[in-house]
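Q: The primary structure of each chain is shown beneath.
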Amino acid sequence: MSADQTVQLTKRVRRFPIIKESQQGALLLLPALIVIAVFTVYPLLDGLRMAFTDQNLLRNTIDYVGLDNFTRMLSDNVFWLSLQHSLILTTVVVVLQFVLGLVLAWTMNQNLPGMGLFKSIIMASWVIPVAATVTMFKFMAQPDIGLINIALKAIGFGNLNRYWFGDLTTALPFIILLHLWRNVPFYGIAFLAAMQAIPKSYYEAAEIDGAGTWDRFRHITLPGIRNMIVVMVTIHVLWTFNNFDFVWLATGGGPVNATDVLPTYVYRQSWTQYDLGYAASMGTVMLIILMIYFVVYMRVFERREKS
Amino acid sequence: MSTRSKVRTAILAYLIVFVSLVFFVGPMLWIGYTSFRTQSSIFSGQVISPLTEYTIQNYQTVLSVSDFPRYFWNSIEIGAIVTLVSLFASIIGAYALSRFDIRWKNAFIIGIFSTQMFPQVLLIIPMYLVIVDLSLLDKVIGVVLGQLILVLPFQIWMLKGYFDNLPLDLDEAARIDGCNIPERLLYVIVPVAAPGISVAAFYSFVVSWGDYLIVSVISQSQRTATVTLIMQRLSASLLIRWGEVAAVTILAIVPTILLFSFIQGRLVAGLTAGAVREE
Numbered sequence: 333m334s335a336d337q338t339v340q341l342t343k344r345v346r347r348f349p350i351i352k353e354s355q356q357g358a359l360l361l362l363p364a365l366i367v368i369a370v371f372t373v374y375p376l377l378d379g380l381r382m383a384f385t386d387q388n389l390l391r392n393t394i395d396y397v398g399l400d401n402f403t404r405m406l407s408d409n410v411f412w413l414s415l416q417h418s419l420i421l422t423t424v425v426v427v428l429q430f431v432l433g434l435v436l437a438w439t440m441n442q443n444l445p446g447m448g449l450f451k452s453i454i455m456a457s458w459v460i461p462v463a464a465t466v467t468m469f470k471f472m473a474q475p476d477i478g479l480i481n482i483a484l485k486a487i488g489f490g491n492l493n494r495y496w497f498g499d500l501t502t503a504l505p506f507i508i509l510l511h512l513w514r515n516v517p518f519y520g521i522a523f524l525a526a527m528q529a530i531p532k533s534y535y536e537a538a539e540i541d542g543a544g545t546w547d548r549f550r551h552i553t554l555p556g557i558r559n560m561i562v563v564m565v566t567i568h569v570l571w572t573f574n575n576f577d578f579v580w581l582a583t584g585g586g587p588v589n590a591t592d593v594l595p596t597y598v599y600r601q602s603w604t605q606y607d608l609g610y611a612a613s614m615g616t617v618m619l620i621i622l623m624i625y626f627v628v629y630m631r632v633f634e635r636r637e638k639s
Numbered sequence: 033m034s035t036r037s038k039v040r041t042a043i044l045a046y047l048i049v050f051v052s053l054v055f056f057v058g059p060m061l062w063i064g065y066t067s068f069r070t071q072s073s074i075f076s077g078q079v080i081s082p083l084t085e086y087t088i089q090n091y092q093t094v095l096s097v098s099d100f101p102r103y104f105w106n107s108i109e110i111g112a113i114v115t116l117v118s119l120f121a122s123i124i125g126a127y128a129l130s131r132f133d134i135r136w137k138n139a140f141i142i143g144i145f146s147t148q149m150f151p152q153v154l155l156i157i158p159m160y161l162v163i164v165d166l167s168l169l170d171k172v173i174g175v176v177l178g179q180l181i182l183v184l185p186f187q188i189w190m191l192k193g194y195f196d197n198l199p200l201d202l203d204e205a206a207r208i209d210g211c212n213i214p215e216r217l218l219y220v221i222v223p224v225a226a227p228g229i230s231v232a233a234f235y236s237f238v239v240s241w242g243d244y245l246i247v248s249v250i251s252q253s254q255r256t257a258t259v260t261l262i263m264q265r266l267s268a269s270l271l272i273r274w275g276e277v278a279a280v281t282i283l284a285i286v287p288t289i290l291l292f293s294f295i296q297g298r299l300v301a302g303l304t305a306g307a308v309r310e311e
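From first to last, the protein sequence lines are chains A and B. Under my numbering, the first residue of the first sequence is numbered 333, with each subsequent residue one higher. Under my numbering, the first residue of the second sequence is numbered 33, with each subsequent residue one higher.
The hints are simulated quantities; they were obtained by calculation from the structure and are not laboratory data. Hints may contain errors.
[As the list claims (entries may be wrong)] Per label pair, the in silico range of CB-to-CB distance:
no.	chain 1	residue 1	chain 2	residue 2	range
1	B	Lys38	A	Leu484	48 to 58 Å
2	B	Lys38	A	Leu449	31 to 41 Å
3	A	Gly542	B	Ala112	50 to 60 Å
4	A	Pro475	B	Pro223	51 to 61 Å
[Said to hold, decoys possible] When the alpha-carbon atoms are kept at most 27 Å apart in a straight line, the in silico DSS-like pairs for lysine-lysine are as follows:
no.	chain 1	residue 1	chain 2	residue 2
5	B	Lys137	A	Lys451
6	A	Lys532	B	Lys171
7	A	Lys451	A	Lys532
Every residue, glycine too, gets a C-beta built ideally from N, C-alpha and C.
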């Protein structure tokens, strides 16, 4: 490099000193931060404050009522029922998604003709609107004219004919089905991507050592996709626990609260009863539950990491 | 592996493929099929009807008689604005977090990601009051602002992961060539990160297109009602005209499937860029 060029270079570099750059960099973050501050952080704080008031859209006065909303919850049966449904739904959905996702990933990882096409279409269920998914399943669950009942009748189970979302015992399982329909392919494709990143030599070495299929899965595949498992499970615990539209659109929480979860109950309290204070207090409880989950999860995860 | 166990594996795999196709693709085909049937053939409870019972009348009714085109346009408009605004904010935001030495950077990253934990049904209560105060109720911009928070945090997280995997030399070379930050972003980073950015764009459009919660609270009239809102109303009415509902459902699905067909190869790699570190 000639001396001339070097001089030119230092000049250019000096035009953009590092310290100034990081300040400019911080500016780039500003638009996103403003949106998040105004439409997420402020609403969160205001929501937490509201939890201690009796704010109601139908009244003009707002008073602080201390812990009244929380004591009201203690004796509110629908709250306890919704909480129970939320916990059951989240646990069952995430566990089933995880297991079925692994099965799907294993399948797609087989080097067989047609698998490429299968991989390319299977995630379509994840991209379509939840409202469309619900409409499709509601139609299939219709008594007499729905495909499910037509199929059952064809194989001799016509006596089971019913509206599957309107039945006390089958409504919640059908909500679970909706969650599986949407997300299992996503799990499958994500796990597959992680599996394919595991070096083939690991498997070859294990085979030489005489490790069976199960051993290879247990000691190579699972550890290899561990990070992906953590991310997928974390995202979906949040997503499922906070999910509102599957239940709301499919059943509205009914029949007789049989599918009510915390999000739908909170929504009903806010937008049908206009009882914002009470709704906010239950939203606060949801947040606390998720935070407890995370603390426990992180603890367990860290301990595993160490051992 | 022995040939026998290979055959067994293949049979099992194809069996799973078959069941998956029936379960995951079947419902979409069925609603598509239904959208071309008359009301009477749907209500016959038969799977196959005489040829005269197939029709495009459902689509004609939905597209010309009903207000559906209006809602469809609203969905497109809102989705497009959400996508553009969120892309702008998340690209520069993620770039800042990926490349610059910003004070409290880790706190920002953790803070942004933890907003994913906040229950949306809680956030929307005060958010509604903010929107009312800003006189944005039942306005496209009001819906857009609400939906931005559904997509922004995840988008930033995802793009930051993507940018982190791009070599620093790229920026360095552009900087030495005299590019300032916007130039570097526009001419160097954005073109190189295009695959990741296209997934981010797809993600925000699909989330906006499918959103029900925000629209249901902020939309008050035809002005801002979207396809999802109408789907819910149609299938909640007393006497359901399933053929038309099916046509509406197909029309609501088609844009997302079309976009998906362009993006599907990159989708998961893009979505999980934040989770996968190349070391």
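Q: Hint by hint, note whether the structure agrees.
A: Results of checking the hints against the structure:
1. Under the hint 48 to 58 Å, the C-beta atoms of Lys38/B and Leu484/A, about 37 Å apart, miss the expected range.
2. In this structure the supplied range 31 to 41 Å is violated for Lys38/B paired with Leu449/A, their Cβ-Cβ distance being about 21 Å.
3. Against the hinted window of 50 to 60 Å, the Cβ-Cβ separation of Gly542/A and Ala112/B comes to about 58 Å, which satisfies the hint.
4. Checked against the hint of 51 to 61 Å, the pair Pro475/A and Pro223/B passes, with Cβ atoms roughly 56 Å apart.
5. Taken as a hint, the Lys137/B and Lys451/A pair is broken in the structure, with Cα atoms around 38 Å apart against an allowance of 27 Å.
6. With a C-alpha separation of about 55 Å, the suggested pairing of Lys532/A with Lys171/B is violated against the 27 Å cut-off.
7. Of the pairs offered as hints, the one joining Lys451/A and Lys532/A holds, with about 21 Å between alpha carbons and a cut-off of 27 Å not exceeded.
Violated hints, listed in ascending order, are 1, 2, 5, 6; each of the other numbered hints is respected by the structure.
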